[in-house]
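Engineer: Model the full structure from these sequences, guided by the hints.
Sequence positions in the sequence shown follow UniProt numbering and run 1 to 139.
Do not take every clue at face value.
To be verified - Derived EDC-like pairs: lysine to aspartate or glutamate, alpha-carbon spacing no greater than 20 Å straight-line: (1) 18 with 61; (2) 62 with 24; (3) 124 with 24; (4) 138 with 102; (5) 62 with 96; (6) 13 with 24; (7) 108 with 83; (8) 18 with 54; (9) 124 with 96; (10) 108 with 24; (11) 124 with 94.
What the hints assert, rightly or not - Restraint ranges, calculated between C-beta atoms of paired labels, are given here: (12) 9 with 120: 49 to 57 Å; (13) 122 with 30: 51 to 59 Å; (14) 111 with 60: 14 to 22 Å; (15) 38 with 69: 46 to 54 Å.
Everything labelled a hint here was simulated from the structure, so no lab data went into it. Glycine included, each C-beta is placed from N, C-alpha and C at the ideal position.
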Amino acid sequence: MDQFVHNLRGQDKMRGEKEGIDIDRSCLQGIYERIRAEEIRPGDDHVAQVARVDAAIIAREKPRLTETQRRLVCYCRLQQVMDPSRKQSIGSHERDVFLFNDMLVVAKAINKRRTSAHTSYTLKHWMPLLGASVLEFKV
Numbered sequence: 001m002d003q004f005v006h007n008l009r010g011q012d013k014m015r016g017e018k019e020g021i022d023i024d025r026s027c028l029q030g031i032y033e034r035i036r037a038e039e040i041r042p043g044d045d046h047v048a049q050v051a052r053v054d055a056a057i058i059a060r061e062k063p064r065l066t067e068t069q070r071r072l073v074c075y076c077r078l079q080q081v082m083d084p085s086r087k088q089s090i091g092s093h094e095r096d097v098f099l100f101n102d103m104l105v106v107a108k109a110i111n112k113r114r115t116s117a118h119t120s121y122t123l124k125h126w127m128p129l130l131g132a133s134v135l136e137f138k139v
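Structural biologist: Below, the structure written as structure tokens:
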């Protein structure tokens, strides 16, 4: 605690001032105690989120997902309709879609426990979004 207070000597200063005044010791002690009780931890950023998706997708040739500009915009599970006039079993053509700011990735979950935090996916399709257009699907 003493080192924390010592390291913050003279930090209360205005822009352009060379020397600042010491912050009240009781104020610093309160800050120190709150930090000690509940450590400040950084949250996930967009890079860590994309890296987890990249690690979960298994394929021989897959796009490099871990680009610094890439962000995961949306994740959803869709039902692929092979033939609208025929019935198909529920879950047979489920696809997981990862929409990034510059790419669309379609994958299929490998394990059946899709609520698991450690789901793996096989890559089915991916495409860059540059120049892509969207059409409404009607039955």
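Engineer: Hint by hint, say whether it matches the structure.
Structural biologist: Hints, one by one, checked against the model:
no.	hint	verdict
1	18 with 61	violated, 57 Å
2	62 with 24	violated, 56 Å
3	124 with 24	violated, 60 Å
4	138 with 102	violated, 26 Å
5	62 with 96	holds, 15 Å
6	13 with 24	holds, 13 Å
7	108 with 83	holds, 19 Å
8	18 with 54	violated, 48 Å
9	124 with 96	holds, 10 Å
10	108 with 24	violated, 58 Å
11	124 with 94	holds, 11 Å
12	9 with 120: 49 to 57 Å	holds, 53 Å
13	122 with 30: 51 to 59 Å	holds, 53 Å
14	111 with 60: 14 to 22 Å	holds, 20 Å
15	38 with 69: 46 to 54 Å	violated, 33 Å
Hints 1, 2, 3, 4, 8, 10, 15 from the list above are not met by this structure, while the remaining hints are.
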